[in-house]
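> All chains, full assembly: derive it from the sequences and hints.
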Amino acid sequence: MGVDERGLIVERIEALFASHPPADTDERSFWGAQFDHGLAWVQFPEGLGGSGVSPRWQAVVDQRINDAGGSTRNRINNVLGIGMGAGTIIAHGTDEHRARFLRPMFTMEEIWCQLFSEPGAGSDLAALSTSAVREDDHWIVNGQKVWTTLGHLAKWGLLVTRTDPDQPKHAGMTYFIVDMEADGVDVRPLYQITGEAEFNEVYFTDVVIGDELRVGEVGQGWGVAMTTLMNERVAIGGTVQPRESGAIGEAVQVWRERHGEDGDPVARDQLLQLWAAAEAMRLTTVRAKEAATSGTPGPEGSTAKLQWAELNKRITSFTVDLLGPEGLTYPGGYSFTRPDGSADVDGAPHKRFLRARANSIEGGTSEIMKNILGERVLGLPGEPRVDKDVPWREVPRS
Amino acid sequence: MGVDERGLIVERIEALFASHPPADTDERSFWGAQFDHGLAWVQFPEGLGGSGVSPRWQAVVDQRINDAGGSTRNRINNVLGIGMGAGTIIAHGTDEHRARFLRPMFTMEEIWCQLFSEPGAGSDLAALSTSAVREDDHWIVNGQKVWTTLGHLAKWGLLVTRTDPDQPKHAGMTYFIVDMEADGVDVRPLYQITGEAEFNEVYFTDVVIGDELRVGEVGQGWGVAMTTLMNERVAIGGTVQPRESGAIGEAVQVWRERHGEDGDPVARDQLLQLWAAAEAMRLTTVRAKEAATSGTPGPEGSTAKLQWAELNKRITSFTVDLLGPEGLTYPGGYSFTRPDGSADVDGAPHKRFLRARANSIEGGTSEIMKNILGERVLGLPGEPRVDKDVPWREVPRS
Amino acid sequence: MSAHAAAPPTVSYVLTDEQRQLQEMVRDLFAQRAAPDRVREVMLAETPGYDDALWQELANYGLLGLTIPEAHGGSGASFAELAIVLEEAGRRLAPVPLLSSAVLGTEAVLGGATEAQAAALLPGVAAGTTRLALAHLDLGGDLLAAPGVVASRDGATWHLDGTAAYVIDGASATHLVVAARAGDDLELFVVPGDAPGVSRTPVEVLDLTRPLATVEFAGVEVAEEDRLAGGPAMAALHRALTAGVVAIAVEQVGGTAHTLEACTAYARDRIQFGRAIGSFQAVKHRLAELLVELESARSAAIHAARVLAAGEREELAIAAPLAKSYCSEVYERSAADGIQLFGGIGFTWEHDQHLYLKRAKSTKLLLGDPKHHRALLGELLAL
Amino acid sequence: MSAHAAAPPTVSYVLTDEQRQLQEMVRDLFAQRAAPDRVREVMLAETPGYDDALWQELANYGLLGLTIPEAHGGSGASFAELAIVLEEAGRRLAPVPLLSSAVLGTEAVLGGATEAQAAALLPGVAAGTTRLALAHLDLGGDLLAAPGVVASRDGATWHLDGTAAYVIDGASATHLVVAARAGDDLELFVVPGDAPGVSRTPVEVLDLTRPLATVEFAGVEVAEEDRLAGGPAMAALHRALTAGVVAIAVEQVGGTAHTLEACTAYARDRIQFGRAIGSFQAVKHRLAELLVELESARSAAIHAARVLAAGEREELAIAAPLAKSYCSEVYERSAADGIQLFGGIGFTWEHDQHLYLKRAKSTKLLLGDPKHHRALLGELLAL
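Protein chains in written order, with the working numbering: chain A, 1 to 398; chain B, 1 to 398; chain C, 1 to 383; chain D, 1 to 383.
Rather than coming from a laboratory, the hints here were simulated on the basis of the structure. Be careful, since some hints might not be right.
[Unchecked claim] Here are some chain D residues pointing at chain B (derived, C-beta under 10 Å):
(1) L137
(2) A165
(3) L206
(4) L208
(5) I271
(6) A276
(7) A282
(8) E332
(9) F342
(10) G344
(11) Q353
(12) L366
(13) R374
(14) L381
(15) A382
Computed from a predicted model, the values in this text were never measured in an experiment. Every residue, glycine too, gets a C-beta built ideally from N, C-alpha and C.
See below:
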């Protein structure tokens, strides 16, 4: 079977490259053709950007595109759509959703954002209170969301709302696709400790969403959101990077430039501890990738996310220490600007140090990740719950 | 007021020393006279070994005795009596208890032990199941206790029992003094990972205790036990030691003997981290002692216990690492003997390394200590409880 | 082995009634005058880099001359009292140049000036009209490295050339205490901040609440009478830096205490899963650990401040690096954990926790990082 | 910079069907034959220091010759298969001399022996009748330090004098592979354990499940034909020690995995406060962290075993110290945390967790501690 799949994929790649030489085709056209050849998400059905094969062939496709001078930056720059929304739409959307949204998402004609977290619903996402009230064939949405990456650029948002406050918290939610250009949607920059606004706050005031943009059944929004989040946690920290890249690569570079072989042995040992931990983690992603034979992300993805977040924080902090007195500076100053693109981190070690503080918060805090690992992987019992089996409106919130 | 107290104490010390020169009096006679002069526990009432003054004067007394060549080792060798039982008897005992037990406790004519923990009731002490059933003027006790220091040497035990299984767990307990030589008391050595049996298991089979040996009211055993435990946690880690003594002193000694100024800089920095932590902790005990104006031990004692336990574990483990290949050995071998005296630790670093593993378990685990600090000192709310307000016999146990 | 002796009993850890009153007064003052909005206003302003009204108020209360003799306009208290002010300033990140002027600058002058020089300089310092900054680092910025400024003498006039880096409050100080190499010697000069040939450039700093400047000297003329001539300049510089190290440790304790208090309050109020998050062990235990660390750090810092105040030099040589290394790490860990405990909101610019993280990171690196101070400790203990 | 290249794609991390069968078979075998009671019985017995019946069973299954060529009586598999056996042995603390004989001794012979010497020795090793032990440390016990044994040649006969310390299974081995100094050279000799002049004294060990001996050589006569002459002895010794380092890392993963499983089971069953203790975050989160650490350690150890099996020497030079340093620390932390998680019962002799703690501490120090291996790594990476 694997042999057939490989043959199919190689054949399609060659057909794609013949009609649209990667290096000589503009990005948008190329991505459209890639979609039409079933090579956007190879595990998706035919006609929806897929070829119905194992998702592991996607790496082969992307590698070939990169080798041939093409771009796969859409996966990064529209990550909330391509990485998380697409899988959700395939799993829970209607045929109309699939036909309408997937292709322009993949070609980046339409950017997507995610509207889950709220000021009062962070780790406890299911406590969310943004309301959607049905009127005839549409819904009226009011509330506030936070941490909305790309919100200011997005055409569409993945939105979870409270539709029945009298149900227990997990049972009264409904999931929508919302037009970010609709009346009553107000996107404001949210400045972070780096001095940049990578995220947004989004306010909804009497925003109208047609019922045809509902994803999943009324009251089933939690299950749909979980599909999106599982994809997110796999995306964070779960990809295989080259040895000595990322944060540890930067630490090594600072060490070589400023310390090197005459450097302080104590700092060197700390660097090597971090190097070893980073490499052991990297080898785990290699191993996990090799072991993954199906495309369904499971709780194992949480391991990588947790470990990466904690290690990234340690390494970036250590790197600033290696700078010595220059660690007192913030090159370029606090700009109070909105960076381009999504959460990719670049710039001086100082900014990466600050940016990394969010790693253990965004996409599931480290505490939540440990609960998930403990309960779903190790099978430990949950804590006594005071917020289940009672109507949402009766549960204390802040 | 402080001036009066000082004058009183100094006067009594001088009277004691005049009649019983510390260096020339046998220990037992001296301790008896010390008791009779009100200098055993200075904060206790007159006639019960005390002088009714602030407990801080005790340090002056003990210092003077030591300086004069006398011994205060009774405080260590009968620690469960002098350190914990005495305060409990003063607070909750009858006049008969006070008259009968305190003096021979202080003179070490009678050794005491503590019978709280059970195999199924460790951190959750209030889950204990050793039963005491009333018959006329006495009680019949059945059950098993563990971690009984000095159990094999003790004349008397501080015992907490379950007297009403139909009450919620904290309400159905009663506290007794038990004669360890009574019929039906079986003390067995409990070997530890060091190969020694510093503790015992104690089995009770139809042991008879007269009601006159009950401490506190029936059903009030939990409150009495708390008095004992507060004294214990203060005793552990709360005393002021000289700089560079104890575990860090041993680490420094190993470093000097085997490494010294040419030693590995990485190990030196680790040693100095531990040195700094140990000294900061020591200075905290100095500060706490100076700040303590009353003799009522409070939850602050938990800070010292928690910190000392965790640090002692780190230091003793590091010290074995400093030994290099000799860390592979266990000098003297595993003896399977019962050491003299109480939990004082001596011998090779290897044994201290193993012994220290229990520091964060005995006298309240570090997890319990953190709960106490979080809830009683910081005022954080407790967890939802499933074991309160229901009869003890209905609560799940293991 | 005398360096090993335990802290002498002359040092007391308990506040006197007067000290407690001072603590309450200063805490109230900073709570009112160094509220977060005001701190942000000052830190984002182009100039002057500190809050002059608050500074004058501190002067009016006599808090800028606590270690200055009464003969020179000070209150003749001790570093123990100054430490109380520094801890409270650290708790609020108060935007005033205490570290630069009241500690580093004042101690350098106290250590290096003649009586006449002290009489000329210190009354202004105590009154708040003179604000000193210590310029002693080269661009490499190593602690006690050869300064980047060279002094050459021409009769009764000196010429200063070179660059001093990472000068705390260097742009706003009225006077710079400049450590300069003069042949094989080190000399300290007091130079007006606006003297001809002095140019001061603010550094883009991680911690906006503590401005730094790069100060360049191009043929700056200094009269011989402005060379501190009361004693060896190296000893005076060492005295200033030791006091600075202790001051930072005390300030770090204040910042850690603030973090613990703020996080604890939040953990009591913030509800997730129908419960206050402080009821979860993941949060509760981390705060309990922080409490333990804070109390130890406080002990180390108080000890150092007290032995400094008591003039116990031998013990200070141990106590200062102990405090700086230990408190730096506790502050950094607590400030970083604070962000995690606050969660997403803690990562926003509008929340204050990041100001503490940045202060923690900066003070950890300032005047020698923990490894540096542990190495000093190792030498003293002969380990 | 080639040492920096990522792991070559030739190394696979997924078990083949055959390897999975081997893993299941060995796991079952040790579960039955190396149950805790049996481990304790062997460890407390005066002699022989290992379980001979289990050893013979391993031999019968062909597990003692996995890395020995078929021509010499082995199964001609690879270190990847041996690593599977070692991990399972580590999981059970199986009382068999795998590390000493199947790894250190066998690799020294494979690296140093002539074809004839290999043909004479290895069939017995594979059959379990020959048990090798490597004697290469002096009393100082540093890794690769000058051995404490000196060899002097007299015609076709060598004389060995001196002491070899910390010889793993040295008292029970049938043959010792002795590293000795011969002038400026290093030589390896194969000496029967009961040769005249050899005296072997068991060491009082922290980890009773892995006996060590001090072996003294007093004018021991060895024929030239028992000097390993197939290649440079230093290279053979290095090969043996590298394999030993990787073997220990793999074994440490087995011990860590056992600890996590045992603690998790206990945390599900043990009730305090009316709840399984695994429902408390203090326990749950620590176990989750342990899971993360275990999986990383496993990756590092498997990687090292696979590159060793694949003969990728350049990558092995990085992979081996990486695995030893990382897995040692994970094992030690997990084994110590295990005691805490079990609480009081975990501190008793009758509970098994202390056996893992002692194994963890011992293997951390054996053949170079983590700092040593990180220093090696630093040299290789030019950091």
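> Looking back at the numbered hints, which does the structure fail to meet, lowest number first?
Per hint list: 14, 15 violated.
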